[in-house]
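Number of protein chains: 2
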Amino acid sequence: MKTTARKKTVKRAAGAAAKPRPRNAFYAQSGGVTAVINASAAGVIEAARKFPKHIGKVYAGRHGIIGALTEDLIDTSAEDPATIRALRHTPAGAFGSARFKLKGLEQNRAEYERLIEVFKAHDIGYFFYNGGNDSMDTALKVSQIGEALGYPVTCVGVPKTVDNDLPLTDCCPGFGSVAKYIAVSTREAALDVASMARTSTKVFVLEVMGRHAGWIAAAGGLAGRKADDAPQVILFPEIAFDKPAFLAKVKQSVERNGYCVIVVSEGTRYPDGRFLAEAGTKDAFGHTQLGGVGPVIAGMVKEELGYKYHWAVADYLQRAARHIASQVDVDQAYAVGKAAVEFAVKGHNAVMPAIIRQPGKAYRWKIEAVPLAEVANVEKTVPRHFITADGFGITAACRRYLEPLIAGEAYPPYVDGLPDYVRIKGKAVKRKLKTTYKV
Amino acid sequence: MKTTARKKTVKRAAGAAAKPRPRNAFYAQSGGVTAVINASAAGVIEAARKFPKHIGKVYAGRHGIIGALTEDLIDTSAEDPATIRALRHTPAGAFGSARFKLKGLEQNRAEYERLIEVFKAHDIGYFFYNGGNDSMDTALKVSQIGEALGYPVTCVGVPKTVDNDLPLTDCCPGFGSVAKYIAVSTREAALDVASMARTSTKVFVLEVMGRHAGWIAAAGGLAGRKADDAPQVILFPEIAFDKPAFLAKVKQSVERNGYCVIVVSEGTRYPDGRFLAEAGTKDAFGHTQLGGVGPVIAGMVKEELGYKYHWAVADYLQRAARHIASQVDVDQAYAVGKAAVEFAVKGHNAVMPAIIRQPGKAYRWKIEAVPLAEVANVEKTVPRHFITADGFGITAACRRYLEPLIAGEAYPPYVDGLPDYVRIKGKAVKRKLKTTYKV
Numbered sequence: 116m117k118t119t120a121r122k123k124t125v126k127r128a129a130g131a132a133a134k135p136r137p138r139n140a141f142y143a144q145s146g147g148v149t150a151v152i153n154a155s156a157a158g159v160i161e162a163a164r165k166f167p168k169h170i171g172k173v174y175a176g177r178h179g180i181i182g183a184l185t186e187d188l189i190d191t192s193a194e195d196p197a198t199i200r201a202l203r204h205t206p207a208g209a210f211g212s213a214r215f216k217l218k219g220l221e222q223n224r225a226e227y228e229r230l231i232e233v234f235k236a237h238d239i240g241y242f243f244y245n246g247g248n249d250s251m252d253t254a255l256k257v258s259q260i261g262e263a264l265g266y267p268v269t270c271v272g273v274p275k276t277v278d279n280d281l282p283l284t285d286c287c288p289g290f291g292s293v294a295k296y297i298a299v300s301t302r303e304a305a306l307d308v309a310s311m312a313r314t315s316t317k318v319f320v321l322e323v324m325g326r327h328a329g330w331i332a333a334a335g336g337l338a339g340r341k342a343d344d345a346p347q348v349i350l351f352p353e354i355a356f357d358k359p360a361f362l363a364k365v366k367q368s369v370e371r372n373g374y375c376v377i378v379v380s381e382g383t384r385y386p387d388g389r390f391l392a393e394a395g396t397k398d399a400f401g402h403t404q405l406g407g408v409g410p411v412i413a414g415m416v417k418e419e420l421g422y423k424y425h426w427a428v429a430d431y432l433q434r435a436a437r438h439i440a441s442q443v444d445v446d447q448a449y450a451v452g453k454a455a456v457e458f459a460v461k462g463h464n465a466v467m468p469a470i471i472r473q474p475g476k477a478y479r480w481k482i483e484a485v486p487l488a489e490v491a492n493v494e495k496t497v498p499r500h501f502i503t504a505d506g507f508g509i510t511a512a513c514r515r516y517l518e519p520l521i522a523g524e525a526y527p528p529y530v531d532g533l534p535d536y537v538r539i540k541g542k543a544v545k546r547k548l549k550t551t552y553k554v
Numbered sequence: 116m117k118t119t120a121r122k123k124t125v126k127r128a129a130g131a132a133a134k135p136r137p138r139n140a141f142y143a144q145s146g147g148v149t150a151v152i153n154a155s156a157a158g159v160i161e162a163a164r165k166f167p168k169h170i171g172k173v174y175a176g177r178h179g180i181i182g183a184l185t186e187d188l189i190d191t192s193a194e195d196p197a198t199i200r201a202l203r204h205t206p207a208g209a210f211g212s213a214r215f216k217l218k219g220l221e222q223n224r225a226e227y228e229r230l231i232e233v234f235k236a237h238d239i240g241y242f243f244y245n246g247g248n249d250s251m252d253t254a255l256k257v258s259q260i261g262e263a264l265g266y267p268v269t270c271v272g273v274p275k276t277v278d279n280d281l282p283l284t285d286c287c288p289g290f291g292s293v294a295k296y297i298a299v300s301t302r303e304a305a306l307d308v309a310s311m312a313r314t315s316t317k318v319f320v321l322e323v324m325g326r327h328a329g330w331i332a333a334a335g336g337l338a339g340r341k342a343d344d345a346p347q348v349i350l351f352p353e354i355a356f357d358k359p360a361f362l363a364k365v366k367q368s369v370e371r372n373g374y375c376v377i378v379v380s381e382g383t384r385y386p387d388g389r390f391l392a393e394a395g396t397k398d399a400f401g402h403t404q405l406g407g408v409g410p411v412i413a414g415m416v417k418e419e420l421g422y423k424y425h426w427a428v429a430d431y432l433q434r435a436a437r438h439i440a441s442q443v444d445v446d447q448a449y450a451v452g453k454a455a456v457e458f459a460v461k462g463h464n465a466v467m468p469a470i471i472r473q474p475g476k477a478y479r480w481k482i483e484a485v486p487l488a489e490v491a492n493v494e495k496t497v498p499r500h501f502i503t504a505d506g507f508g509i510t511a512a513c514r515r516y517l518e519p520l521i522a523g524e525a526y527p528p529y530v531d532g533l534p535d536y537v538r539i540k541g542k543a544v545k546r547k548l549k550t551t552y553k554v
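Going line by line, the protein sequences match chains A and B. Quick note, in my numbering, the first sequence goes up one by one and the last residue is 554. Quick note, in my numbering, the second sequence goes up one by one and the last residue is 554.
Same shape as in the complex, but just chain A:
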């Protein structure tokens, strides 16, 4: 088994290649956090405790990979088991995340040498990296350079991204909960604007995340069931923005339904590739608007059609909304964490647990390992057949894909009217190196 192979450079391990000896694991959260990334952490940590012959302690990087580079490791074994269980219902990154992409070995060999230095010092044999596209690339690099630098580490990527844009996996943990939040919020806000439209607001705009892929915007489409149900307009990054067609669609909706709800992806672009949010569009008052496509769209509607509008920008609220997380999403987030450990102890290296949708009418899924090399830096956008011909809605096929992902309400416990989210103690692992590293 790969994971139990070791080299002479590993102290205390010489000659033990055939028989597993527990080695420590490093776990890190990377990139934008989600409502369920801590469920994956719980999956990794709880599963690791079931393989004491393979895995010693799980050390989490404080603020992701930066914790590894700076030898700032959190000893998860010092946390109460109840705390680890509670991570399942706690949003955001309990150990701290980082937007920090490792460069290639050629560009910054020092970074990798430092990683290996820290891994050696703490006898780390497993590397679990919980993130999106960039992070799968990092995990792949670490799996390769470990070998190159004489310290092989078993690397498993743990998928996480609200953008739902990783390939090979049917969906990405984190997405289902954002999708549920956006679908619920769109349905609720639509009822509001429908109530007000007779004398006041006629157009409501909800800006959602997804700079390159329109999966979250598509999820807004779940709010309606029938033709003319809100949202009447969805703007996808995958579809070049056609202003006259858009305005005609809004006008038609207001004239037919009395109001119009628009869900717009932050990544919506003009045909020439400029983001609407960055295109210097004027708002209703002639001022240049920047820093949100929602107000840009609202201003355009006001200026061209004269309708009274409201707009909302959900921003972090959408991806942190653990209070309305999808049960399927929580289950899958936990499952990929758990599977990552199981794959690692079975000797799989440079893989990612992927969620595989099973054929059949009822939604069933399983986990399979897929090679990181095929995942890293590949982006899965919304396919054209998931978007209606006019470019402003989702098709029945898209609905069939999305609907199971928002199933079930995984409510957190409440105390005094508020979700009882957990905080880790975050006990630091004693430093072993005299060297420091500046990031």
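Honestly, I wouldn't trust all of these hints.
No copy labels: a pair is met if it fits in one copy or bridges any two.
[Unchecked claim] Pairs of lysine-lysine residues, derived as DSS-like cross-links and limited to a Cα-Cα distance of at most 30 Å, are as follows: (1) Lys-364 x Lys-423; (2) Lys-218 x Lys-481; (3) Lys-549 x Lys-341; (4) Lys-216 x Lys-168; (5) Lys-549 x Lys-218; (6) Lys-553 x Lys-542; (7) Lys-341 x Lys-542; (8) Lys-461 x Lys-168; (9) Lys-358 x Lys-165; (10) Lys-218 x Lys-545; (11) Lys-481 x Lys-235; (12) Lys-216 x Lys-417; (13) Lys-235 x Lys-540; (14) Lys-495 x Lys-542; (15) Lys-540 x Lys-423; (16) Lys-461 x Lys-476; (17) Lys-216 x Lys-549; (18) Lys-168 x Lys-542; (19) Lys-366 x Lys-540; (20) Lys-168 x Lys-545; (21) Lys-545 x Lys-481.
Read the hints as simulated data drawn from the structure, not as lab findings. All values derive from a computational prediction rather than experimental measurement.
Go by the hints and put chain B onto chain A.
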């Protein structure tokens, strides 16, 4: 009893003054809607069914008072009882609301004459008006002019406003649920930015409603429990914006905690009274920013302190968020609707059911009738002793006031991963008048 008194002008009622004869009731939703205004509608309709000797049918105005003026009435008796029950868990205005303030009798006598014409035609003896300050004023006027125009109507206001700014009542139905949504969202987003702050976003800004009163902003303060917990800064309309003090507070929080969460009321103003959102403030890129105080504050932080930021504007999402409604709020919304009917059949006129907090440590409340004349057009803002000395937080007294209002999770039922909100049939009452009225 006042409510059973009638004049010769009412057909079929002559000589029946001493003995109640059922007369119909008019119910309307007014102004901005809430997550629980339909619970009040359910309270009115279900209670009315328990007084068949007093109240015949409940007719709801389609789009509020406009439905009365245009004789566009919805027959609530044509709705399935299950639909009326489901209003308790359905946000926004099921019958349609209106932003339409009746003028004084002197300014527009025709409006009142038209109302009375419609009320007479449909034998309406009760007027239940579900709204905020302006609506209580309207209900008061109708109670006065009914008499003046020879058609007395028993008028009871049903309180509703997310702004929580009605006097005499301890709180306003609609507020508790927004407060819960904002407190939950602030807590969640704070965990997100805390995760990201090491390498990315350091300041998160959440813009909330409340143009004149900072109750909703104050509710954001419930997210934290200890000093230094998020939100570290709350900006109230009641406190003149002090830019240097604000920036110093943000800087201090980032330096001490690594990040800063700001909850800003849309009504935050400069000392000279200008709204920040309308003050032509430049964003980080030197562009004039308008249409949201959230981005204005974020831009200011970026420009002056250089911190990376994110901002969210919850807008309608906050007041429509029935999925995370407060159980106390839902109960109170229902109770004020029910009490309005009970007061009316007991002969109270020109009153509003108010929520009275009982003394004692445990939160208990009851309903009492208060005179509309003392409610109309009076605005209750956040008292100074509810705001910390520095103007950026809430005091323990404020927390004691707010906390019970967000207690309990009144989850709606779900189907296919989404809340199962009800839609009324909305069967129109047959028109009796040949005249029409243009609003």
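Evaluated hints:
Taking the closest pair of Cα atoms, Lys-364 and Lys-423 come within 30 Å of each other only inside a single copy of the chain (16 Å); across copies the shortest separation is 36 Å, beyond that limit. Taking the shortest alpha-carbon separations for Lys-218 and Lys-481, neither the intra-copy value of 33 Å nor the inter-copy value of 65 Å comes in at or below 30 Å. For a Cα distance limit of 30 Å, the shortest separation of Lys-549 from Lys-341 qualifies neither inside one copy, at 65 Å, nor across copies, at 36 Å. Within a single copy, Lys-216 and Lys-168 get their C-alpha atoms no closer than 32 Å, and across copies no closer than 74 Å, so neither meets the 30 Å cut-off.
Proximity of Lys-549 and Lys-218 under a CA criterion of 30 Å is satisfied intra-copy only: 25 Å inside one chain copy versus 79 Å between copies. When the C-alpha separation of Lys-553 and Lys-542 is checked against a cutoff of 30 Å, the pair qualifies only within one copy, where the shortest distance is 21 Å, while the shortest distance between copies is 70 Å. Taking CA atoms no more than 30 Å apart as the test, Lys-341 paired with Lys-542 passes between copies only; the shortest distance there is 21 Å, against 53 Å inside one copy. Taking CA atoms no more than 30 Å apart as the test, Lys-461 paired with Lys-168 passes inside one copy only; the shortest distance there is 12 Å, against 77 Å between copies.
Taking CA atoms no more than 30 Å apart as the test, Lys-358 paired with Lys-165 passes in neither setting, with 57 Å inside one copy and 55 Å between copies. In the homo-oligomer, the alpha carbons of Lys-218 and Lys-545 lie at most 30 Å apart inside one protomer (28 Å), although the nearest pairing across protomers, at 73 Å, exceeds that limit. Taking the closest pair of Cα atoms, Lys-481 and Lys-235 never come within 30 Å of each other, the shortest separation being 34 Å inside a single copy and 67 Å across copies. Only between protomers do Lys-216 and Lys-417 lie at most 30 Å apart by alpha-carbon distance; the minimum there is 24 Å, versus 41 Å within a single protomer.
Taking the shortest alpha-carbon separations for Lys-235 and Lys-540, only the intra-copy value of 25 Å comes in at or below 30 Å, while the best inter-copy value is 70 Å. Taking the shortest alpha-carbon separations for Lys-495 and Lys-542, neither the intra-copy value of 38 Å nor the inter-copy value of 47 Å comes in at or below 30 Å. Proximity of Lys-540 to Lys-423 under the C-alpha cut-off of 30 Å is restricted to the inter-copy arrangement: shortest distance 27 Å between copies versus 49 Å within a copy. For the homomeric pair Lys-461 and Lys-476, neither the shortest alpha-carbon distance inside one copy (32 Å) nor that between copies (58 Å) is at most 30 Å.
Taking identical chains as interchangeable, the C-alpha atoms of Lys-216 and Lys-549 lie at most 30 Å apart only when both belong to the same chain, with a minimum of 25 Å there against 73 Å between chains. In this assembly of identical chains, the alpha carbons of Lys-168 and Lys-542 lie at most 30 Å apart only when taken from the same copy (24 Å versus 70 Å across copies). Taking the closest pair of Cα atoms, Lys-366 and Lys-540 come within 30 Å of each other only across two copies (26 Å); inside a single copy the shortest separation is 55 Å, beyond that limit. Within a single copy, Lys-168 and Lys-545 get their C-alpha atoms as close as 23 Å, which meets the 30 Å cut-off; across copies the closest is 79 Å, which misses it.
For the homomeric pair Lys-545 and Lys-481, neither the shortest alpha-carbon distance inside one copy (39 Å) nor that between copies (58 Å) is at most 30 Å.
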